[in-house]
Each structure stands twice: as structure tokens, then as C-alpha cells.
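Those protein sequence lines, which keep their order, are chains A and B. Just so you know, numbering that gives the first Met the number 0 puts 7 at position 8 of the first sequence, and the rest follows in order with no gaps. Just so you know, numbering that gives the first Met the number 0 puts 134 at position 135 of the second sequence, and the rest follows in order with no gaps.
Check each hint, because a few of them may be wrong.
[Said to hold, decoys possible] Within a straight-line C-alpha distance of at most 30 Å, the following computed DSSO-like cross-link-like pairs (lysine-lysine) qualify:
1. K26/A <-> K127/A
2. K280/B <-> K108/A
3. K280/B <-> K102/A
4. K121/B <-> K127/A
5. K193/B <-> K72/A
6. K26/A <-> K217/A
7. K127/A <-> K280/B
8. K217/A <-> K28/A
9. K102/A <-> K151/A
10. K108/A <-> K175/A
Keep in mind that the hints were calculated from the coordinates and are not lab data. Since this is a predicted model, take the numbers as computed values, not measurements.
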Amino acid sequence: MYLKVNDIEKAYDGHPILQPLSFGVPKGKVLSVLGRSGSGKTTLLKIIAGLETPDAGTIYLEDQEITNWSPQKRGIVYLYQEPLLFPHLSVQENIGFGLTVRKVAPNIKNDLVNEMMDHLGLIEHRSKMPDHLSGGQKQRVAFGRALIISPKVMLLDEPFAALDNQTRMQMQVMFKRMATRHNITALFVTHDIKEAIIMGEELACIRDGHWQLYHSIKSFLQDHLTGVQDEINFWKKLDP
Amino acid sequence: MSYRMLNQWVGPIIFIALSVVPLLLGIGYALLYSLGLTGIINNGFTLAHWHTLLQDASFWETIGFSLVVALSTMVISIALALGLVLREPTRFQRPIPSFLMYMPLAIPAIVMAFFIFQMFAKGGWLSRIAFQLKIIPELQSFPDLINDNLGIGIIVSHILMAVPFLVLFFTNIYQNEDIDAYRKLAFTMGTSRKMSLWYVQLPMLLRPAQPTLFLYFLFVMGSYEIPLLLGSQSKQMIAVLTIQKMQRYNLADIPQAYAISVAYTVVVILLLYIMVWVSQKNRSYDP
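The following block holds chain A by itself, in its conformation from the complex:
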């Protein structure tokens, strides 16, 4: 496994958030993680990103233990629900941020930023400041900013939750396209069942800190705890 999480545990003030949980993600695959608010999804992602420390357990990336590595050394980018574009930087400066701090030569940086903006359809917005962008455009910039540094793993924490349905669908298509193109290894956290199925090659569910991995869509659909059956029944009832 490219990314391996072994027996990770976390509790706040004695209240367990994550029970010992283990899983792995193969290279170039997207694992969708479904879970309700407060189920421990964000805590799990922050632990993998190095922004929180686990109470127990280990994390391996490319067969190297990274449990105690700083976030800077891991090469794992964490994308929040909000795009968190730097408000003092324009679109192209935001996308090039990771290259700027890596002191990449300006001509190479410009080429890479232009290429990324082209892929994401952002060329015409290059000089705009974040407060002049729509929600979907902001998320595209956030993706570009993360992708341009070729992260080993991307952690996406409900990135499309704040978008309207149509923009959300466009973003899902865009992410799938970019994931294939850049061979992205990612954990995609969402509370939307449909989105989890669309985005992930593999599916998992986190409930009250417990982890359930589904090896096939069929097993995912059959588990009544995922809420899929309730959803199907709801739509069936509306069938005239």
C-alpha cells in the first residue's frame, strides 16, 4: 500500500474520536470516506496531514514511517471545505504559492502556473483577486495550488460542500479528470453518498470513530448503515 494507516487512535478530553482504525490506499487511487458530522473524518485527515498528533498508531507513506514527521516534510496536502485562497494574492500567485516558497526559478514557475491555469480554465481570471471569484472558481484555484507541487497524497475534506448542485457536479467531473491525469492518490471525505460513489475507486465509512472499508460497490450498497438503502427507498416512494 502507498499510504498505510495502522491502528490510529485519538481522544479529546477522554472522549474517543477515533477508535483504533487501519486502512491503506494504493498509489493513484482515490478512497472516498463517507461519514456524518462529528464522526471523526476531519480529525483523521488532520492526523494524516501532520496537523494533529495521534494518541496511538502509525502512518506509513511509500513504506516510510511518517507518524512523527512535520507537515512540511510529508508531501501531503490537506484541502479544507473552504478554498482558503490567500486573500492578498491573485489567482496566478495563489496557484504558484507552493513553487514560490520552494524558490523555483521564475521562468519555470510561470510555465507551470500557466499550464495549470490552462488545465483548470482559469487563464482569463489570472489577475483576479480571490474576492472576485465564484465559489467554483475558488475551488479550482485551490486544486491548482495543491496539484502544482505534485503532492504524494491529497486529503480533501468535503471540498464541494459549499457549492450549488450544478457547480458541484462540474467540480466532480474536473476532479476525476485531474485525478486521472496526475495519477493522484487521495482521500476524499464527504457526507454525500452519491459524491462518495462518484469520486472514489474505493469506499469507506466512518461512524463514531469506527472504520468500515468496502471492497466493492455492491457491499457498500448492501450495508444498511451507509444510508444508501434509505436513499433508494426515498426515491422509490416518489416514483409515480
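Use these hints to put chain B onto chain A, whose structure you have.
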């Protein structure tokens, strides 16, 4: 006029009547007075008062001194406040540190000036302590920190008042802009703590703070009580010079006082223009 239109215009009209009109009338009166067109001893239009003022080296020295005091105060206060906030951004949200920061804000400027006088004067506490500890041979050997030509006493007083205000101000921005989330995001993108400070935290804190910092700069530049008590006679700040000229027995000085007021207003408007120009220029910022 419909009720809707009336409702739309009431606010701006009240604002203009209470704020803009008195200000313009005041500046207009000062300008007329400085040109000899009104006032007790006016003899008709003349540029003599302006001529005298603009050729007076002490006037330019006063403008320069006021700028230097305000600039020194702001640079030191901003650096101290940023240092305190960035060290632990949530510290000043706790009750006791927050109370300790709010407390100095309630102290009037004149009280702070007296406090600094008691502390830094040649016969003050620090001087006496230094004498008792045999650091200085006599009280008079204590360095000039009050009524000095460098304005040290004035700057220290203003810093003591500005730092608590700026700490609370920056803490608010830090929380409202959720700068910690941006900092963590930058970490996952490979940014070191130092880089995160320069490329993320400082620009995100200082950019929205610019207008307030500029207003505070103007407040220090135009301050009166502190420089009156702690300033020197040879180098005065602008408000002290203006009031002194205004209240002298020599009536011929009054038009000059008004000319200083108008000149100061011009300087402020010029600085305001520069600030707006700089902030527009900085909107597109590449780290």
C-alpha cells in the same frame, strides 16, 4: 419626493451636515484667516503670513519631527504588538491577559504622560533607582528621556498606549480571518514557520489593518497632551506649535497658527492619497 427617496437621502444628508460641513467651514475659516481676509487684525488679502510660515525653518522642523515621532511610534508599536500576538494568537482572548490589555486603553493620554514623566524624568523613579544602585553618580547624570530633542518620552508614552490597542486589534483580525487555518494549509504545502510568517501571517494581518494603522499614525502625529508635557521647547510637535501661536499675546501670530492648521490638513490629505495609492498598488502582491 417619495418616502423611499427621502429615506435614502436622510443618512447621507445628516452625515454631511454633522461631519463634512463643520470640517469644511473650519478649514475655510482657517484659510481665510491665514490670508488676512478675516480675523481681528485683518487688513485685506495678503500672502505674508504664509510667506513667513513657509520660510520659517522651525515650521518644517516641526512637520518633520511630528512625522518622525509618529513613524517611530507606529513601527515600534506594530513590531511589539505583532510579536506578542504571533507568539500565541489565542492568549489575549483569555480573561486575564485580555483585561490587562484593555486596562491601559482606559487611561487618558495626559495621565499616561504624567506617569512617563514620573518614571523617566531626571528626578523620577528610574533615575533614583539608578542612583541608589550607584549606576549613575548623581541624579542629573540620568540621560535626557523627558523634554528631550529626540522625543523619546513622547514616543515611549505613545507606544505604551498603542501596543495594547494594536494587540487587541491584531488578535481580532487573526481570529476573524482564521489565519491559523491558512498557516496550517501553508505548512502542508511545504512552507516553513519563517516562510509562513512572511508569506501568510504578516500580509494577512497587515493588509486589512492598513487603514486603522494609518489613522492611528495621524492620531499620534496630531497629538497634543503628551508632547505638551513631555516634549522639548526647541522641537515641538505640530499641535503644540499651533496652539502656542494661537494663544500668544502677539495677535499677528494667530493668522500663522491658522496657516499651520491648513498646511497640516494638506499634509494629512497628501499622506492619505499616498496610502490609498500604495494600498491599490499592493492589491496584486507576489511573495
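For each hint, the structure was consulted:
no.: 1; hint: K26/A <-> K127/A; verdict: 35 Å, violated
no.: 2; hint: K280/B <-> K108/A; verdict: 23 Å, holds
no.: 3; hint: K280/B <-> K102/A; verdict: 24 Å, holds
no.: 4; hint: K121/B <-> K127/A; verdict: 58 Å, violated
no.: 5; hint: K193/B <-> K72/A; verdict: 15 Å, holds
no.: 6; hint: K26/A <-> K217/A; verdict: 23 Å, holds
no.: 7; hint: K127/A <-> K280/B; verdict: 14 Å, holds
no.: 8; hint: K217/A <-> K28/A; verdict: 19 Å, holds
no.: 9; hint: K102/A <-> K151/A; verdict: 19 Å, holds
no.: 10; hint: K108/A <-> K175/A; verdict: 25 Å, holds
When the structure is compared with the earlier hints, violations turn up for hints 1, 4 and for no others.
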